[in-house]
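Chemist: Below are the chains, spelled out letter by letter.
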Amino acid sequence: MNAEAARTPLFDEHVALGAQMTEFAGYLMPMQYIGIKQEHLAVREGCGIFDLCHMAQLRVFGTSAFDFLQYLMTNDLSRLSVPGMAQYTLICDDDAGIIDDVIVYRTGEIEYLLVANAINRRVVFDWANMIRDRWSTHQPCGESAPRQGIDLEIVDETDRTGLIALQGPLAIPLVEQMMPEGADIPTRFKILATTIGPTPVLLSRTGYTGEDGVEIFTHASNTAAIWRYLLSFPEISPCGLGSRDTLRLEMGYHLYGSDMDRGVDPISARLGWICPADKPDFVGSDAIRRIREQEDHRVLVFFTADDAIPRPGMSLSANGVEIGHVASGTYSPSLCVGIASGYVPTGYSRPGQKLDLQVRRKQVSVVVVDPPFVQGTSL
Amino acid sequence: MNPDDRYYHSEHEWVKIDDDGLAVIGITDFAQQQLGEIVFVELPEVGSTLTAGQVYGEVESVKSVSELYAPVTGQVTQVNSILSDFPETVNAEPYGEGWIVKVRMSDTRVLDSLMTSAQYSTHIGEE
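Just so you know, the protein sequences line up as chains A and B, in that order. In terms of the numbering used here, the first sequence is residues -5 to 373. In terms of the numbering used here, the second sequence is residues -13 to 113.
The shape of chain A in the complex, shown without the other chains:
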């Protein structure tokens, strides 16, 4: 393990809990505490907490923040009509290559918080600043002329912010017990300021597990106290990155670096729904429009395997011809089968399509399905 790897404010908590630590995106993170399967099922049936302090947090502030972010990101930011709303969105390059998928929270009248993937912290920060320079001389009609009166700050808040996810069917009833009596709990994709126990936090009704729950933003120095307070509830289990991955794949949620990267566009990644066709003039919009009109391209499919566990990189074929590779693949603790994603030509992407998966020395048949793999969660 790299001695230079960063530690989150919860590092000592993980070690004290006996976590198996792993390096992820330059951070030492818990892979598991007692076991991936048990932690997975704890979230599906009860409540689990995850250390997300490694995730990148950018604050974008100023009277120009809305116009700039509307140009930087694919989804329509005007849907966040009042502070306290959030949306899933993408940052693309001019060729529609996905730079990152992020959640953007409108945290004030003229303030937004972007939560990006840990591995992309630097990339997103640098890209946002580069696009800011371009945008500052870019006019909607395509002419190049300096904008007047730009008021915009982009600040990397990752190191001073703590983030813990609380997820599972018991998460909301438990949070209610932790908040002041009568305090509002945010509805789905909303964020509000409140207190958890004695600690001031931003509470967001978002997650990456397919279960209902919240993500708790707080000052880095308060994070360990909140973590311990949460674990004082016997219903709550600490969960590592291992179960975070199996939980998200059961829902068909994308993982940056596995299911998408700079070489993939939103249409192929099936994320066209966060790139509204009627939104004009944002970075990548022309390329996305062109790709939308194409009939044939590669597309992300999800599939189940009864007799094997698909692993990233394994070959997919049809009629003896290789047509793609596994992007994400794992064992589903909820379904007790192998589940996976991969890019294949659109002609092979319909649910029910049978494909052949090469699992080391043997070939097994797999079936394309519509995500999510797991139905009837608390979400």
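The hints are simulated quantities; they were obtained by calculation from the structure and are not laboratory data. Treat the hints with care, as some may be off.
[To be verified] DSBU-like mimics (lysine-lysine), calculated; alpha carbons at most 35 Å apart, straight line: (1) K348/A to K2/B; (2) K348/A to K49/B; (3) K2/B to K49/B; (4) K2/B to K184/A; (5) K2/B to K356/A; (6) K273/A to K356/A; (7) K49/B to K184/A; (8) K2/B to K88/B; (9) K49/B to K88/B.
Given the structure of chain A, go ahead and fit chain B onto it with the hints provided.
Modeler: Chain B only, in chain A's frame:
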């Protein structure tokens, strides 16, 4: 911890000779601990041949795949089909219900090259 009534292979397999003279093969407690929760076991076919030192199957946890190495040579007479539905049995009872295959050995002399439980304990202590 490792029972004395069987032989051990350096790749963390055990062999026990049952009342019918068959070699019952499984993985050690040390191995199952290292692997973590086993979620899939790839078993050989009954009738297939195992060759000492060669891969004959795989065990998978959520995150990883590990190969199974045959400690002896012979023909597979039975596989533990319980493991298809309950692979976690290997974790729970590595020396009992979590056995993997039974083999009719073609040459029992290979047993002489395997370790005793005391030798195996030293082996994993040194790793």
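Chemist: For every hint, state whether the structure bears it out.
Modeler: Checked hints:
no.: 1; hint: K348/A to K2/B; in the structure: violated, 42 Å
no.: 2; hint: K348/A to K49/B; in the structure: holds, 25 Å
no.: 3; hint: K2/B to K49/B; in the structure: holds, 30 Å
no.: 4; hint: K2/B to K184/A; in the structure: violated, 61 Å
no.: 5; hint: K2/B to K356/A; in the structure: holds, 29 Å
no.: 6; hint: K273/A to K356/A; in the structure: violated, 47 Å
no.: 7; hint: K49/B to K184/A; in the structure: holds, 34 Å
no.: 8; hint: K2/B to K88/B; in the structure: holds, 9 Å
no.: 9; hint: K49/B to K88/B; in the structure: holds, 28 Å
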